[in-house]
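Between the sequences and the hints, there should be enough to build the whole structure, so can you do that?
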Amino acid sequence: MTTANSRTGTIRPLAVMTALGWTAALATIFFYAPTERTEGIIQRMMYLHVPAAFSMYIGYGIVFFASCMYLFKRQARWDELATAAAEVGTLYATMMITTGPIWAKPVWGTYWTWDARLTSALILWLIYVAYLMLRAYGGHAEEVARYCAVLAIIGFVDIPIIHYSVRWWRTFHPDAKILTEGSAGRGLDSAMLTTFAIAFAATVLTFALLLTLRLRMERQGRRLEALHRESMNAAPIVIGSSN
Amino acid sequence: MSNLGFLFAGFAVAWALVFGYVWLLGRRSDGIEARIAELERRAEGDRKS
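Residue numbers (the working numbering), protein chains in the order written: chain A, 1 to 243; chain B, 1 to 49.
These are computed hints drawn from the structure, not numbers from a lab.
Where is the CB? At the ideal position from N, CA and C, for every residue including glycine.
Mixed in with the good hints there might be a few duds.
[What the hints assert, rightly or not] FRET-style restraints, in silico, Cβ to Cβ:
1) GLY9(A) - SER49(B): 33 to 43 Å
2) GLY5(B) - THR194(A): 19 to 29 Å
3) ALA12(B) - TYR137(A): 24 to 34 Å
4) ILE154(A) - ALA43(B): 37 to 47 Å
5) TYR164(A) - GLU40(B): 52 to 62 Å
6) PHE8(B) - THR10(A): 12 to 22 Å
7) ALA12(B) - ILE154(A): 32 to 42 Å
8) LEU25(B) - VAL129(A): 16 to 26 Å
9) GLU40(B) - THR10(A): 20 to 30 Å
10) TRP15(B) - MET133(A): 23 to 33 Å
11) ALA226(A) - ASP30(B): 13 to 23 Å
Shown next as structure tokens:
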């Protein structure tokens with residue numbers, strides 16, 4: 001009971017902070033941030049698209065770390081964390097690859113182009129969709145956990161490729177303006193940078209809230225499975241005999 | 001579509017994804033609660049018999 005209360009106690013302040021964060025973020029995005037000269041109003045998509053991409057990096061970073069820990073320690077808690085973070089990370093990856101083309105259409109004149117940044121991002125999304133499908137339909141739980149950990153580690157290799165693709169190859173996608181070597185936020189107006197910081201904080205708070213909820217559900221689900229197995233062993237109910 | 005339309009579409013998609021996911025989590029949570037209730041009923045039945 002104490003544990004359940006303390007968990008609810010984590011979620012409530014996180015939910016309040018997320019709501020406040022988004023109120024501030026939407027106010028600054030639409031009423032404080034200046035309109036960019038070249039792209040116009042559509043440039044405000046940056047406050048949604050870029051934090052979504054960073055949240056995806058955080059999510060898949062957690063999956064990578066938890067998967068390594070699971071392979072070394074074989075403790076279920078690392079597998080639970082990897083499962084939850086993979087799902088929330090994929091939500092943000094989906095957000096990134098849907099808002100990107102919507103931003104691209106009025107700026108580039110096309111929703112999609114097979115350049116290195118977009119293609120490597122799509123490959124990462126497909127890898128983690130495969131990961132989630134393996135989780136859902138893989139069969140034996142321990143084997144699935146092991147295969148998923150290996151898949152997550154292989155998939156994570158794509159993240160530096162995505163991040164540096166704009167420097168390694170000629171791409172439509174612009175170079176990073178936020179996370180740059182030497183000076184963070186170089187090339188951004190100070191009001192835009194402030195707005196970005198608030199939107200980024202709100203997005204990361206949302207990510208933390210969703211991850212907490214998903215992780216709690218994963219643990220509840222696994223505990224329930226264990227209880228179910230125990231109850232079946234204690235009092236087996238025979239529905240029908242095949243042979 | 002105007003640039004404002006694209007901006008609206010982008011924000012709508014992002015919020016739909018977040019709220020859709022929260023709805024999905026709620027549904028799964030209901031499923032877990034239903035299974036807990038089923039286990040409790042079964043345990044109650046075992047105690048009575």
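Check your understanding: Tell me, which hint numbers fail for this structure?
Key -> Hint 6 is the one this structure does not satisfy, whereas the remaining hints hold.
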